[in-house]
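Asks: Build the full structure now, drawing on both the sequences and the hints.
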Amino acid sequence: MATAIQGQIRVGTLDELIAKGCSVVTGGGHTIAVFAHDDDVYALDNRCPHMGFPLDRGTVKDGLLTCHWHHARFDLSSGGTFDPFADDVRSFPVTVVDGEVWVNPSPPESDPVERWSDRLHDGMEHNIRLVIAKSALGLNSAGADYKTPLRIGSDFGMTYSDEGWGQAMSILTCAANILPHLAEEDRPRAIYQGLRHVATECEGRPPRFVVDPLPTGETRPEVFKKWFRNFIEVRNDEGAERALRTAIEVGLSQSDIADMIFAAATDRIYIDAGHIVDFANKAFEHLDHIGWEHSAQVLTSLALGMATARRSEELNAWRNPIDISSMVWEARRELAELFEQGESKLGEWDDEQELADIILQDDPGATLDAIKSAARYGASPEQLGSTVAYAAFLRMARFHTSNEFADWDTVHNTLTAANALHQALKRAPSVELARAVLDTAMSVYLDRFLNVPAQRMPTPNGDQVDAEAFGPQLLSQMNVQQQVEQSAQVVSDYLTGAENPEGVLATLGHAMLREDSGFHMFQIVDAGFKQYEERKGTDAGRHVLVALSRFLAAHYPTTRSVDQTFQIAERLNRGDELFRDDGE
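So the sequence shown is numbered by our numbering: it starts at 453 and just counts up by one.
FYI, nobody ran anything at the bench for these hints, they're computed from the structure.
Please note that the accuracy of each hint is not assured.
Simulated crosslink set (DSSO-like; lysine-lysine; CA at most 27 Å straight-line) [said to hold, decoys possible]:
1) 982 with 824
2) 472 with 513
3) 982 with 878
4) 824 with 878
5) 599 with 797
6) 878 with 988
7) 988 with 797
8) 797 with 824
Since this is a predicted model, take the numbers as computed values, not measurements.
Replies: And the structure:
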């Protein structure tokens, strides 16, 4: 017998290996399959990288190893796969000394962050959910910052989408936004959900090419702002994109860029039912995560949607039976003077509940007058945006289930538009952007019939609530369809009866992430978390989460196939053997 080789594992004699065809050894934290084939010896990790099936049970032919579970094929010498759904299997150096076979279980390993980043690219290119899930978990286990997969997803989503910014990029941004509120184990789950939406939306789409900036010496913000607004007004997306690209290239400040985009997004009334302001706000939030250096690629993706969006003054509901659009135009013309009058009283206005109640009433003229009066008496644009957002959440909280199911989305669209406007006003407050407060308040008015009858707000039962029981109780309610009022009651009781109701957002976030959640679910969870944080510890905060929980409960449960894929990836990441029965 040959002398032991330091750091290596003895497999057996070469003759024994040739007779058996394959031997399995363990060491260095690995289970290794060693194959004799065509006068050579090869060693591979025995776990199929796809779903962990033992590769020693596979078949070797013509230098290829085929796994018998899902028929993934691997190059025996390198471990490289021919099937993108699987992944490359790790190979190990083999030495034959004096007729004995030795394998090195601890060869130099490639950087895991680089390896999982490359794998994430592959998963998104081929839209393979399991690969995306494994990559998100792999990067998390390797200690990579959440921005690593986020930047990969962002670059992919901005490159392979000729239509520009869409729902999937908003979902990815929402996923990043809610991370601080989630349990640690749910954070890679959120990133995975966002990434898989981007991969699905981009599948089969042609790439988008970012235009070059103008060869100009112009650097005045007011000139670029005028150019951009004019191009959007005449629906010239290419001109708008180049003006914006140039403004970024010449170094205009972030506030100047935000000002020009939000001004153009609100020059017309409530364009695309508020989605344009929402998408623009999400694009800026996305840059908060990945860095302003990506602004040219990200922000120019907004131009096409802005130029082609439907304008609400063109819609019958805004013209008949009451010409709301004309009322809004008139109120818009007064705003600048009203805010100027209110400058000396800034900080004195504190009538959010009263104004929200007026917005919810059946009188558009009274709503517009109340907003104008608030501006005159010191309400800031941000305060007005916050109040309209709160009113929109109250509309959701009082949505009656006697309405058609699809009308949940009607209320939802106004709610998320109002939240986006509020966030945009915090980022880039201006009289021009504040015009959208009037528009969005009118959208809340137009949804009034969905509160006829109005659902009663759950009354707290006054009992002390066990914080540990809250999560299982709420999730159990959402395991059954249409437990809308029951779920709202659980949330309401927890917020009023728990000594420290800190787990409420993490539980609601988990409730969303375990489902096959789409655009609207991510939107409302992100919006609900933001509006709750503004009102934490108050009845208004409770109303926000009652609205959020009612919407989620109305749409859950789903088949949960998306999270099933993630759970498989989690088990593989832990080293579980999926092919075994729990009783084995």
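Asks: Hint by hint, work out which the structure violates, then give me just those numbers in ascending order.
Replies: 5
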